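The listed protein sequences correspond, in order, to chains A and D.
Just so we're aligned: the first sequence equals residues 1 to 413 in my numbering.
Just so we're aligned: the second sequence equals residues 1 to 1058 in my numbering.
Among these hints, one or two may not hold up.
[Said to hold, decoys possible] Think about it this way: if two alpha-carbon atoms lie no more than 30 Å apart in a straight line, the pair counts; the simulated DSS-like pairs of lysine-lysine are:
#, chain 1, residue 1, chain 2, residue 2
1, A, K257, D, K81
2, D, K74, A, K308
3, D, K175, D, K458
4, A, K238, A, K196
5, D, K109, A, K257
6, D, K175, A, K334
7, A, K238, D, K74
8, A, K334, D, K109
9, A, K289, A, K38
10, A, K49, D, K172
11, A, K98, D, K81
12, D, K757, D, K1022
13, D, K990, A, K387
14, A, K164, A, K234
15, D, K726, D, K943
16, A, K219, D, K74
17, D, K81, A, K391
18, A, K234, D, K81
19, A, K280, A, K35
20, A, K234, D, K940
21, A, K219, D, K940
22, D, K990, A, K334
23, A, K308, D, K766
24, D, K757, A, K257
25, D, K74, A, K274
26, D, K409, D, K458
27, D, K726, D, K264
28, D, K766, D, K753
29, A, K336, D, K340
30, D, K264, A, K336
31, D, K81, A, K274
32, A, K38, A, K90
33, D, K990, A, K381
34, D, K340, A, K280
35, D, K781, D, K769
36, A, K393, D, K781
37, D, K74, A, K334
38, A, K334, A, K274
Just so you know, the hints here were simulated from the structure itself, not pulled from any lab data.
From a predicted model like this one, the values you see are computed outputs, not experimental measurements.
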Amino acid sequence: MRLLSELKGKLSFSISLLSIFIFLSGNVQALDGEKLFKANCASCHKIDKKFIGPALAGVEDRWESQENLYAWIKNSQDYLKKNSGDGYAKSLFEDYNKSVMTAQALSDEEIAAVLDYINNPPVKEEKVEEVAAAPVQAEDYSVYWLIGLLIVILVIIKVLMDVKSSLKQVKAGVTGETISDVGPVAQVTTWMGSHKRTTAALVLLVIVVGSVDLWFDAKGIGVYEGYSPEQPIKFSHKIHAGDNQIDCGYCHGSAYKGKTAGIPSVNVCMNCHKGISEGKVWGTEEIAKIYDAAGFDPEKQQYTGDEKPIEWIRIHNLPDFAYFNHSQHVVVGKQKCQTCHGEVETFDYPMKQHSDLTMGWCVDCHRETEVAMEGNAYYDKIHEELKERYKDKPIKNFTVEHIGGLECAKCHY
Amino acid sequence: MSEKKYWNSLDQLNGDSTFVEEAQREFKSELPVEEFLAKDSLTDTSSSRRDFLKFMGFSISAAALAACEAPVTKALPYVVKPEEVTPGVANWYASTYNNGGGFASILVKTREGRPIFIKPNNAYPEAMRGVSARANASVIELYDDNRYTGPLMNGEDTDWDTIDSDIAIKLKRIKAKGGRVVVLSSSTSSPSTRKVYESFTSNFSGSSANEAEATGDAEETDVMNKVNDAVVYYDAQNYEGILSANQDDFGVAALPSFDFTKAKVVVSINADFLSSWLDATANSKGYVQKRNPDNAWMSRHFQFETNMTTSGAAADVRGAIKPSETGEVAKMLYNAIAKKAGVVTAASGSLANDDNDVAAKVEKAAGELWANKGAGLVMCGSNNRSVQQVVNAINNLLGNYGQTISMSKTNNLYNSNSGLDGLIADMKSGSVDALIIAGANPAYSLPGSMGFEEALAKVGLTISLADRPDETSTLCGYVCPDNFFLESWNDYQPYTGVYTMAQPTIRPLFNTRQAQESLLTWMGVDANYYDYIKSVWKTSILSGVADQIASDDAFNRAQQKGVYLITNTNPEPQYVGNVLNAAKKIGVSTGTWEAQLYFSTAIGDGSQANNPHLQELPDSVTKISWDNYVTMAPSDMLENGWETRTAQETPANLVTVTINGYSVNLPAVASPGQKKGTIGIALGYGRSVSGPTGQTGQNLYGSLSFENGTYSYSASDVSVVDAGEKYQIASVQTHHTMMGRKIVNETDFVTFKQVDKNDEVKGWNKDVKLLDAFGRDTPVKEMNLWDDHGIELGHRWGLSVDLNACTGCGACVTACHIENNVAVVGKDEIRRTRSMFWLRVDRYYSSDTTEENAKESGKGVMDMYADMEIPSDYPEVVFQPVMCQHCNHAPCETVCPVAATTHSEEGLNQMAYNRCIGTRYCAANCPYKVRRFNWFNYNKDPKFTDINPSQNDLARMVLNPDVVVRSRGVIEKCSFCVQKIQDGKLVAKKAGRPVQDGDVVSACASACPTNAISFGDLNDSKSKVRADFDNDRAYFMVEEVGTQPNVSYMTKVRNRKA
């Protein structure tokens, strides 16, 4: 029994070992195929979709013989020359605008591994709907609620008063006494007349609270901190700048050259999205909008010329009378984008305005930020003059304020 | 400082009481409250105070609520961004402006693909470089919504295919029957365009061309003549007199080029060569280079003229003559020189009523010309062949040809118009089958007596290539609109060996097609004009370049630089003229009144008349905008009892002027310096087919006589009678007067060279000193009411104006306005002294009497001062551009209650519009009167719809996106182009280097064709502006006020011989 059980154990061990081995070996081959595919084929081919070259699913079935297929992969031009009779190969070459498939230095085994991988593509993970709490901004209904509540309360008060007065009249009718019909307004004024100090205090309180409230409200007029409108394309900075580590300047390059940071033109999007037609969150839906704007037919992988601009909603709006130049701040001042725009690489859709962009906010920063004078010959003379001017004052670092950064005509002209 | 009296108008000179009263006030008229508050509907209602409070309460709360709503702004990026465009960064393209004879090699600034500013191209030869007011204002004509938006067939919109096939069929039929096809064009120096014209007309010149090849040489020339007849040039401003005189005297019908830099004596007889005669911009540039008194020598300039012109203002010696005396003066000058040279003199008469010592002045000029043989330059504005032949003879006697005047390097901007008379006769007789009109507008500018319209009606096929409706194109059956020049390719050869290129700076805004391409299409040539130019260049201009690659390279470089230069090796043609014969032919016809018609600096020949910036630009001398008018000598006007003042309270008299039987009613304006018994009227006004702006004024072309392709711009069959009406004119010179303070400083060359500027007696630019509290003479700089600004940190921006170099052309004004989005306000507002000029060019007349000449004539002190007050019939004129002086101790800053105007560390007087509440205290307190108030929302108010470009969606594209458009109720003024300063600094900072002189140039300085304005950093010891400030000639305007301006003026020095 013991032996049996031992044997059983051993057997099961070896079986499991074997199965692990088989599993592993199978996996090894599959892994190799994937690696080889990504290294050599993926820049032009997709498995299930037409890309620069045809979709590769079922490629073996399309060719007459494995031998031909292998020869084509190794050197398509050579193959065409030698097998001019192969109609399929010829049409393939013609169909793809006579673009030559790069000759692949792969061994037969490696090709087999790739084809194996193509035949058994990894099962796609179920798409997890991580539309992480899509920050669809709930409209602020609180005001309406308040107004509604106020109306209800007023109605109730009115009804109660009415009830009270009619009850009184009923009572008067019953008891036969006459009562003076004093209205609610008269009652309030009577009360106010007899409580002058309290009334004054209340009025004062209302005025003070009202003024303070008005002051802070008025300060908020035209300030759109946190403004995050719905955009025509659900573009996520988190995916691009965060997850994929794309530098801000790749899309907003003009921030380094001119006054506007610029919204990238669609051709910049297409640099990557010509190949990436599907996103993790929204699938093909959003990227299809880029194709639509660029006039790109993802099926044929061709531009149709039917272009239309994307109408983004502008988030950061400075008034016309304020001049702001990105390159001054980014190139000369060596400021990071995040200083004003926040940790954009963590912002998912929709993008929001991080800072309030008020003049006070600008001025605060100009008061605090040290000018990057070192290594910029423009500032050499100014730096010396500043040192001379402030030699008696304990100022070590010269901020933008010291070089006239608070003057009106630095921004207003 | 010579103690002359300067005055800006007769109103001021005469101490007119209304003028004095008005002058005390910065803002003359009452507040136009009703105008901008009360709309008709409001005045009808009777709203009580309580209603008003209710409205107020409601609107405040409504405004507060509305303000909480975030405006949704869309941002539309390019789909495919052109590689060379970076949003927010300007691109500059080299191109060429050529319109109505005005020529400039230019750089066009484009922002996001929109051309918004024009400045001179540095690749063009320095001695001729510059842009005129018309050239830099032309950029807004691109966005004129009055332009043709597509081809028209008999007035109906059509498409290019239809119109092309229609025209092609008709042309084919004409060719088949051996008919005549003529191109009528304005002058062009473009080699490729001329080639297109030639091949087009020879292509359709019928069967005879083919026969000629077979027969012989004699007939071949005949065919060539036929081809020449087939291209007829016509210009409203033409130079047929010179062209035909040169044909006689040199055997070439060409215009000479001038080298003012070699000219020690310049004599001009009725030629306003600094503003409207030949290539005026190039003339000014060369002329001014030798008007700098800091050089070893300074040229002497004699000007004999009828009207007071900018050239007359610049002259050292000016003689007033009647137009009919032009030939006489030329003959007198010839005779005086001939006597010295020992040559036979021509018969000459004398000048009647010589009240300005002209005879003596001519004698003087002759003496100086003779003393400077080979370094003189005599010009004449007459369009009479014989007069020009006499002038040629003078220059020949003096040996000026090959020195200051070149007939080998010719000016090609104007072609001979000699074919026009023949063409019109042929048209009338019905022998012209097709007429293609390019650039010319004869229906507007030819006198009605020529019968052009009637002749045009007899031509079967009429095609206009105009880019906007004009008097001629509306008469044509087909309109095939040309691109605007900023949308076109072209090449030019303004002078022999000097080639320039034009390239498109924007895609055609409308469905238009380049004129040359239209012609090529109808010929059946399937080539775009760019390729055509390239092939023309390869076979002709670049034929010397053997290598294909080198040739391509040269072409591309010419395109990029806009300029291609070849050394001129042509020999100087021999003078073969017969002056005595010519002199005999000069007839003199005098009249009681004589008229000299002229082309103003702003409007020119009228082709750009629909440009509001140009209409608003005041005339250089009269300072009147938005009108043409009759200029007269003040004494003549007083004799007739006509108003000599120009203020709004004193409207001008309307007079009926009849010239050669053609009558117009125009206001009469006093122009001191005008020869008595003469009148002057500007041409180019009164367009009948154009946008509303162009229809300003009266058309005077109808009064001209036109013979053998030659206009005579003067007439002696003139009558002037009172029309019995008053007429309001808009003059800016009575505005913002300087209250009689001393502002222009002037001296003569001898004093300048010999006397110290602070000399006790004759000092010509003494340091201004005032008595301090203890009665001591103290330099004004040391008497401060305010603490000094720390102006030594970094930059200190300054501007200097050389009064010697300023010719008063006004190019700075239009450049400033276009760069800074300054509103055009129109005649009515200017008349009410509400102009918006950030930069104005003041004009001052001065008396002839000076301290020096009074002493010489032995006058007592009392007599001398009394004489200085006597208005001179023929005064001298000084121009002075005035912009914000950016005072270090600015009077405006201290009175602003909200600190909207402040001083910067860099010396700027800053203006924060969004802080301004419109008290206008600053404007009242400004001694220079340079602050302007926005009385209206010029970009919205319906009053300005027709004139202010920013009211129109299309024209708005010309606005500079770096400068805010000001709203109603705020003060604005010259900012020293702070946007350019900031940009120049940023470029330097990004490159990590200090700002160099020339990195920052204000719009006015970049536009000034004579470099009279310099801009730069006063803290930069190497800057031009620093050198100017340290120059002996530098002074500050009304320095005694103690404002310490950052703008200095350089004393005007006239080359007057004691």
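Tested hints:
1. A:K257 <-> D:K81: Holds - the C-alpha atoms of K81 (chain D) and K257 (chain A) are around 15 Å apart, at most 30 Å.
2. D:K74 <-> A:K308: The given pair, whose Cα atoms are some 14 Å apart, holds under the 30 Å limit.
3. D:K175 <-> D:K458: holds (18 Å)
4. A:K238 <-> A:K196: violated (61 Å)
5. D:K109 <-> A:K257: holds (17 Å)
6. D:K175 <-> A:K334: violated (71 Å)
7. A:K238 <-> D:K74: Answer holds: K238 (chain A) to K74 (chain D) is near 22 Å, not above 30 Å.
8. A:K334 <-> D:K109: holds (29 Å)
9. A:K289 <-> A:K38: Satisfied, since the Cα-Cα distance of roughly 27 Å is no more than 30 Å.
10. A:K49 <-> D:K172: At roughly 57 Å apart (the allowed maximum being 30 Å), K172 (chain D) and K49 (chain A) break the hint.
11. A:K98 <-> D:K81: holds (29 Å)
12. D:K757 <-> D:K1022: holds (24 Å)
13. D:K990 <-> A:K387: This hinted pair holds, its Cα atoms lying about 23 Å apart.
14. A:K164 <-> A:K234: Given pair K164 (chain A), K234 (chain A) is violated - Cα atoms ~59 Å apart, limit 30 Å.
15. D:K726 <-> D:K943: Distance ~24 Å between K726 (chain D) and K943 (chain D) Cα, so the pair holds.
16. A:K219 <-> D:K74: holds (25 Å)
17. D:K81 <-> A:K391: violated (50 Å)
18. A:K234 <-> D:K81: Given pair K234 (chain A), K81 (chain D) holds - Cα atoms ~22 Å apart, limit 30 Å.
19. A:K280 <-> A:K35: It holds: about 22 Å lies between the C-alpha atoms, which stays within 30 Å.
20. A:K234 <-> D:K940: Cα-Cα ~38 Å, so violated.
21. A:K219 <-> D:K940: holds (29 Å)
22. D:K990 <-> A:K334: holds (11 Å)
23. A:K308 <-> D:K766: violated (68 Å)
24. D:K757 <-> A:K257: Given that 30 Å is the threshold and the Cα spacing comes to 50 Å, the pair is violated.
25. D:K74 <-> A:K274: holds (26 Å)
26. D:K409 <-> D:K458: Violated. K409 (chain D) to K458 (chain D) sits at ~41 Å, over the 30 Å cutoff.
27. D:K726 <-> D:K264: violated (47 Å)
28. D:K766 <-> D:K753: Judged against 30 Å, a Cα distance of about 15 Å means the pair holds.
29. A:K336 <-> D:K340: Judged against 30 Å, a Cα distance of about 81 Å means the pair is violated.
30. D:K264 <-> A:K336: violated (62 Å)
31. D:K81 <-> A:K274: holds (17 Å)
32. A:K38 <-> A:K90: Holds, at roughly 26 Å.
33. D:K990 <-> A:K381: holds (16 Å)
34. D:K340 <-> A:K280: violated (99 Å)
35. D:K781 <-> D:K769: Holds - the C-alpha atoms of K769 (chain D) and K781 (chain D) are around 9 Å apart, at most 30 Å.
36. A:K393 <-> D:K781: Holds, at about 29 Å.
37. D:K74 <-> A:K334: holds (29 Å)
38. A:K334 <-> A:K274: violated (33 Å)
Against the hints set out earlier in the document, violations occur for numbers 4, 6, 10, 14, 17, 20, 23, 24, 26, 27, 29, 30, 34, 38.
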